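*Asks:* Here are the chains, one letter per residue:
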Amino acid sequence: MKIGEDKLKQVLADVFGINVKTIDDTTSVDTVVEWDSLRHLNLVLALEQQFNIVLSGEQTVQILSYPLIKIVLEEHGVDFICAK
Amino acid sequence: MTKEDLQVALSRITKEPTYSVYTAVSNILDRLDPKESEMPALKLVILRNFTVDPLIPVIKGEIASAGFYPVIHLGGYDTIAQEVFNSQSAQYMAQPDLVVISQWLEVLAPALTTRFPSLSSLQVNDEIDRVLTTISQFITVLREHTKVPIVVNNFLLPCHSAFGILDVQSEQYQTHAILRLNLELLRCMKKFRDVFLIDYMSLIAKIGSEQGVDERYWQIGRAPIGRNALIPLGQEYGKFVRALYGKARKCLVLDCDNVLWGGILGEEGLNNIKLGTAFPGSGYQSFQREILNLHDRGVILALCSKNNEPDVLEVLQNHPDMLLREKNFSTWQINWDDKVSNLMRIAQELNIGLDSIVFVDDSQFECDLVRERLPQVAVLQLSSDPSTFSASLNAKAYFETLVFSDEDKKRNQMYRDQSIRNNLNASAGSIEEYLTSLEMVAQVGIVNDASIARVAQLTQKTNQFNLTTRRYSEGDIRIMQSSGADIFYLKLRDRVSDMGLVGVAIVKYSGQQAEIDTFLLSCRVLGRRIEEAFLAHILYYVKARRNCRSVLGCYCATKKNQQVTDFYGRMGFRLATKTELKYDWELVLEEMNFLTSACIKVNTVEPKDGK
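Protein chains in written order, with this note's numbering: chain A, 298 to 381; chain B, 908 to 1518.
It should be emphasised that the hints constitute simulated quantities derived from the structure, not laboratory data. Treat the numbers as computed from the prediction; the structure is a model and nothing was measured. Any given hint could turn out to be false.
[As the list claims (entries may be wrong)] Think about it this way: if two alpha-carbon atoms lie no more than 27 Å apart in a straight line, the pair counts; the simulated DSSO-like pairs of lysine-lysine are:
{"id": "1", "chain 1": "B", "residue 1": "1317", "chain 2": "B", "residue 2": "1146"}
{"id": "2", "chain 1": "B", "residue 1": "922", "chain 2": "A", "residue 2": "304"}
{"id": "3", "chain 1": "B", "residue 1": "922", "chain 2": "A", "residue 2": "306"}
{"id": "4", "chain 1": "A", "residue 1": "304", "chain 2": "B", "residue 2": "910"}
{"id": "5", "chain 1": "B", "residue 1": "1097", "chain 2": "B", "residue 2": "1368"}
{"id": "6", "chain 1": "A", "residue 1": "318", "chain 2": "B", "residue 2": "1398"}
{"id": "7", "chain 1": "B", "residue 1": "1234", "chain 2": "B", "residue 2": "1398"}
{"id": "8", "chain 1": "B", "residue 1": "1146", "chain 2": "B", "residue 2": "1316"}
{"id": "9", "chain 1": "A", "residue 1": "306", "chain 2": "B", "residue 2": "910"}
{"id": "10", "chain 1": "B", "residue 1": "922", "chain 2": "A", "residue 2": "367"}
{"id": "11", "chain 1": "A", "residue 1": "318", "chain 2": "B", "residue 2": "922"}
{"id": "12", "chain 1": "B", "residue 1": "922", "chain 2": "A", "residue 2": "299"}
{"id": "13", "chain 1": "B", "residue 1": "1450", "chain 2": "B", "residue 2": "1489"}
[As the list claims (entries may be wrong)] Covered stretches of chain B (chain A as the covering partner; in silico rule of three or more C-beta atoms under 8 Å from a C-beta of chain A):
{"id": "14", "stretch": "928-938"}
{"id": "15", "stretch": "957-966"}
{"id": "16", "stretch": "1121-1130"}
Glycine residues also receive a C-beta, built at the ideal position from the N, C-alpha and C atoms.
Construct the entire structure; sequences and hints are all you get.
*Replies:* What follows is the structure in structure tokens.
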């Protein structure tokens, strides 16, 4: 099933309480002040529930930026529609 | 962040309750000024021995959905004992509304969960006793400082029991040891007032331990609640908040065709509607059984159907497979008018608010119409498959409560009697004649242990005839009693039925001045002038027994209690000060004329001397 990136961006916006429009490939733990360890756990739980996947322990610590999240989700078979 | 942002986010919870949405609500709440939210604060203290943090956004979202601004104090990781023993000095314990103690057995008694085969049966019993003693001690110490409700969890059955298939063969092994622990925990908690169990065991069983418990997060951060259990568990805590502080729904209004039976009665006729012990009629019958259970738990039932009334009544009276009968319904609107008007009539006839109603229908059109025109009404739209009906009704948890009183058991009968009285009303000449014809007998007395639960319940639920709308728990009432206030009850019966305890008044004293803190009547006895008799007896008591010279009463305006704006004025009180939301009234007792109604006979139960 193909999924728009907006669905993923909405999860990040919800979890970190930031505007969905500010999220792009530069979004990472270094650029988002709200991205602390507690919210990181919330992010993992929200992604797993939203996309019905289970991340490995290693993956949960890898996903520290928007591009990395996309790569890991794609490894789990989530198929993003390419944005132009 | 504004109130509007919060409303938008809360409506997302209703539509798609995902974890992501709950975190969004939680973030908005953190940035919204509590005052700007215009919601009363609800203070929750959570003491825990594991990482409950991922649960917090869901709990906050649920509290906000129930209409409160959540203020949460989260105790440190595994510091319950420290926090409990310091609770007298701790600021956050000053005035919480609810205390949650959340414990994971693996932290509390690791041997029971992870090294069970190493224990002798004596050691197992010692471990169980140790757990129970620890929790009881926490509660005992907490109860020295606070009377607020406390919610304690029970414990999960193991996902893989210690002895495999052998485990369940003996009472001595793990499965039965934990079942025994949970049963003993209930018995221990019953010794305290207002301590409630939250059923982790059944909740996780429903989700499945493999889904509900997450070994990864347990290892990484001592956060064992799995992603599929976070929302149901947070919502379960939300049910406690709603049952204790929120407004419970009271009345279930049902459509008929394709809800209580399959097919269209007007087209197919009594003999051809689908209802019985064989599929698909069995689905409708099982839904009726579930509705009967709600009826027996005190939920008022009503019908709202586009049909010819005699046709539906014939099914209620004569269809052999109907479980619901005419006598189970307090009222009905069976006609061809629109359902919005009919729901308003039902609310008016039963004298309940639209926000007390749950409306069940299978039609998208009817459901959308009601959702749009009467947003206060909770709408449950059923699918076309009757085997799903019971589950979808239960899943919504509309009627959750922590009290089940004798009044609840009799409620439907009482509301039905009310409809009979309304018919009497139509035939009697004057209101006095009608009231006299009811042969009312009231009893006024001082609240005791047997009636305190019902009294607290009335302060929680009464909206219309309620001068101050102050909500009290059983604990609050006991505190007021022990600090010298008089808590009066009013019981009423008439020739149709015994309505039980229907009125409460709380009077506090300061020297020779009395202040009426609370004065309320259940909506099912309004319009009988019973309030006049009740107040007159209280004033008499205050003057004769408490030697008071004057009495203060106040009216605090809410959206629901306009009908009592001028109540004290009508009773001879003088208006002292007045603002938009609060009127203060005063009465000098020497000047008082004791108004009593000739229509009501009142018996006073005198309290024992010295009390």
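*Asks:* Hint by hint, note whether the structure agrees.
*Replies:* Hints and how they fare:
1. B:1317 to B:1146: At roughly 24 Å apart (the allowed maximum being 27 Å), residue 1146 (chain B) and residue 1317 (chain B) satisfy the hint.
2. B:922 to A:304: holds (15 Å)
3. B:922 to A:306: Satisfied, since the Cα-Cα distance of roughly 19 Å is no more than 27 Å.
4. A:304 to B:910: holds (25 Å)
5. B:1097 to B:1368: Given that 27 Å is the threshold and the Cα spacing comes to 24 Å, the pair holds.
6. A:318 to B:1398: Status violated; Cα separation ~62 Å.
7. B:1234 to B:1398: holds (25 Å)
8. B:1146 to B:1316: holds (21 Å)
9. A:306 to B:910: Holds, at roughly 24 Å.
10. B:922 to A:367: holds (26 Å)
11. A:318 to B:922: Given pair residue 318 (chain A), residue 922 (chain B) holds - Cα atoms ~22 Å apart, limit 27 Å.
12. B:922 to A:299: holds (22 Å)
13. B:1450 to B:1489: holds (25 Å)
14. 928-938: holds (count 7)
15. 957-966: Result for this restraint: holds, n = 3.
16. 1121-1130: holds (count 6)
In this structure, the one hint that does not hold is number 6.
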